[in-house]
Every structure is written in structure tokens, then in C-alpha cells.
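Participant: Going line by line, the protein sequences match chains A and B. Going by this note's numbering, the residue at position 18 of the first sequence is 18; the numbering climbs one at a time, nothing skipped. Going by this note's numbering, the residue at position 235 of the second sequence is 1235; the numbering climbs one at a time, nothing skipped.
Calculated from the structure, these hints are not laboratory results. We put the CB at the ideal spot given by N, CA and C, even for glycine. Hints may contain errors.
To be verified - Per the computed footprint, the stretches of chain B lying under chain A, defined by three or more beta-carbons under 8 Å from a beta-carbon of chain A, are:
hint	segment
1	1097 to 1107
2	1137 to 1145
3	1166 to 1178
4	1188 to 1200
Unchecked claim - A few chain A residues facing chain B, derived, Cβ under 7 Å:
hint	residue
5	66
6	73
7	136
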Amino acid sequence: MSLPRIAFISAFLLLTFAVQEAGIARINFPVTGFSLFLAILIGLMALEDRSGSVIIGFIGGLILDLSPTSNSPFGQWALVMTIIGYIIATNRESIGDFTTRPGAFVLFVAIVSGLTLTISLIAGAMLGEDNGTIGHNIIVVLGNTVWTFLFAPLVLPGLTRLRATTLSSRER
Amino acid sequence: MAGRGGNRSRLLLVILLVTSLFLITLDLRGVSLTKQSRSATQTILSPIQEGFSSIFSPVGNFFSDIKNFGGTKAKLNDLKKENAKLKRDLVLSADIQGQLKKLRGALNLAGRGGYTVVAARVIGKGSASTFSQTITLDAGSSDGITKDMTVIGSYGLIGIVKQVTATSSVVLLMSDPTFRVGVRVARSDSVGVVIGQGNGHYLLQLLDPVGDIKKNDVLVTLGSDGNKPFVPGVPVGKINSVNNSSASLTQEADVSGFESLGSLGVVAVITKGAGHDPRNALVPTPEPTVTVYVTPKPDSTTVVPAPSPTVSKKGK
């Protein structure tokens, strides 16, 4: 993964983060919220190669750690997203190429979004965070997964096209 | 080649994991760099949030409004035609009027308690990717707001200021599972702690095992030393049910808050408490019930002037 691509993706993630924090977070979704940032981050990670998934995961996690509303220690999201990046990287062959399978891509992003929140909860519990009752957390995770599943089809095709335009001829 | 690539990936993974753990350690040890970075992010984000606020404020409650949406198709079409012309103005007007009503309520509550307040608009809500329940206000340290100040709405407690920048502040909502507030039962003066549950309900744990609580009892804040983080006398909520389990050492109760934390528009931050404890002066009194008696109309063939409906107000 080239440095200019890392810089471009970081800038894109920062922009998405601003939209998420300033805009999407203001909408009162029933049950729980939808994280556009997580959907885009996981989408990007799924499209990258092995080391790309881990690097993008780490950068995206660091950006999430910047969230002023976060209660978790700085670095926790970086740790969680690096682990998610590694899980995606190690299953790269079985996951295959999502660019030709939009349905599977949406399902994958929704499921990994739920998995990410679950791992974040586990990491938080290990670090002594109080995130409420298990029942409430299950509702939050499931709600986020469902919203991601519903909204991801609006975002992921554009993301796939955007990524294709940023690839160098060698990377293609 | 594949082996070398795999080794490189593993090395990269180890480096990134160690970096993450290093950052977590720094944060847990209280290194200010990490806290400053979040504060800086808030400073950068607050103008963007203000910009988005005007766009998203009318549509923020779109999904909850859908639940209350009813009426027949014909009626809907009529209403659509009727409203099409003024739709935009009405939405904005309703939004502004709603915010004005909330502001008036918050100022009224603060006035009755003798608190000095700074009114602020809600410009952001906690991210969906974090589990903490917060809101962001468009007022900060330049308006006199500091950390650990009490935040109230039209009817009672909303939360406490968790983080402040020059132009904005982040408020931890009372629904957050980490939120704890010392309360007093207005009727019996029993003392307890109200704990956030992540939703509109709260758990009251009474400190006195034989304390006197019952359904519909109103809870007010007990107050903190130096009025931080809580000023005394702010209404917190009302008891829904008392759980007297023989297995538990304390009495517990399910409490519902006075404020709807999902649709906050304008709030007030208490910058200075009253010189005295307002005790139960802010406890909400029930609204008077308006009963309308309609006398049945006489037969339409009889030419008798129809009596006007009698409207009487009944206090509870």
C-alpha cells in the first residue's frame, strides 16, 4: 500500500468522521444509531490487501479514538480496529473479491460492524469500562448491525468506485 | 515470497498492536496529550456541528415522528396539498418554536431555583460508534462554562458537563450507564443514588434500607460540595415502581426521568447555584385537567339556539 494512498484514505476517513460526528449522530434512529464511519471503514478494509486492512484499521481506529464523546481510553479503538483488520486479512482468500458481489459486500460490512462493536465492548470490559447492562448492549449491537445492513447499499457502491479511481496501474 | 510477505504482515500487526496498547497505557496513566487531542477535535468539530445542526435539526426526529404518523390516504393527500406551499417555513418555524419553548422552560426552572445559567443549543449527539451517551453544546469556557457543571432542561436534570473547549462543551447525559447522582425523595427526605441504565429509565438505590419510598414519589438532586457537579433541588425523575427484594440490602426502584433525552434542542448550564437549597420548590406540580362538558344538541327541526359548551378547569 503506497504512502499517497494511505494519506488519501486517511483524509477521506477524517472527512467521514466529521460527517458522522456532526451530522449522522444528530439523527434519532429508533433503537440505536447508525455509524456511517464504521461502515465505510470496514468497507475499505474489506477491499484492501492483507497489510492494507491492518493499516487502514489502525488509522480508522485512531480517528475513532479522537471522538470527543468517547468514554474509552485513547487507543482502544485503534486496538480493536487493528484486530478487525487482522481478522479480515487472515480470511482474505475465503472472503474473496467483493467488487463483483455487492450483496455479499453489504452483508459482510453489517456483520463485521456488529462484530467490531462486540469486540469493542469486550475490550472495554477488560479495561474496566462500565457500558451498561448486557441486554442493552445486545440491543445496541444488533440495532447498529441492522441499520448498517439497511444503509450500506447506499454507500458501498460509491466507495468501491472511489477506491478504483485511487488505485495506481500497478496496484490494479 | 509469500512467506516473507506473511512475516512482514505479522511484524506490522505486532507494531500496530503494541502502539495501540502504548496509547491506552498513556491514557490510563493520565497523560494529557491524549485528552488534549480529543479536546482539539472538539474545537475543530464544533463549527462543523453548528453548520450541520441547522440542516439536521428539523430532520433529527424524523424516525420518531414516523411512529406517530397516521391518517387516511385521502386526508394525507389533502394535507400534502395544503402544506406544500408553506412546508419549508412551517418546519423551520416549528423547529424554532420548539427550541424557544424548551429555552423558556429551562430558564423558568432555573429562575425558580435561583440558579445563574447559560443557555446553550444542542449541536451534536454522541457518536453511534461509542457507547457513552452525550450531547455537544454550542457554549464553552468563553461563556463561563467549566467542567462538572449541572445541565438542566425544561423539567429537570439532563446531565453534567464532561469536557469543555472555548466554544463548545460535551455533556454526559444522565442516561449513560456511568452516570450516578445523589438524590433525595421530595416527600420523605430519604436519600439514595440514581444510576443511568442506557435508556429513559433509571435505577434508584436507597441508602437507608428502611427508607420511605412509594410509586410517583419525585426525586430531586441532593447537591454536591461547592455545587459541583450537582446543585441541590433539581428534579431528577419520578418513581415508577418499588422493588422490595428480600435478597437485596437496599431498597431499589425503577425511575423515569422528567426530561426526554432523545429530543433535546436547548438546555441551560448552571454556572452558579442558588445561595440556599431550594428544597422542593422545583418539584413539578401536576397540570390542571381541562374537562369539556358538551350538552347534546336538541332535535335539528326545533329552532332553539344551540347551547355553547361549558369549559371548566379542575385542579387535581
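Participant: Kindly indicate which numbered hints from before are broken by the structure, ordering the numbers from low to high.
Facilitator: 1 and 2
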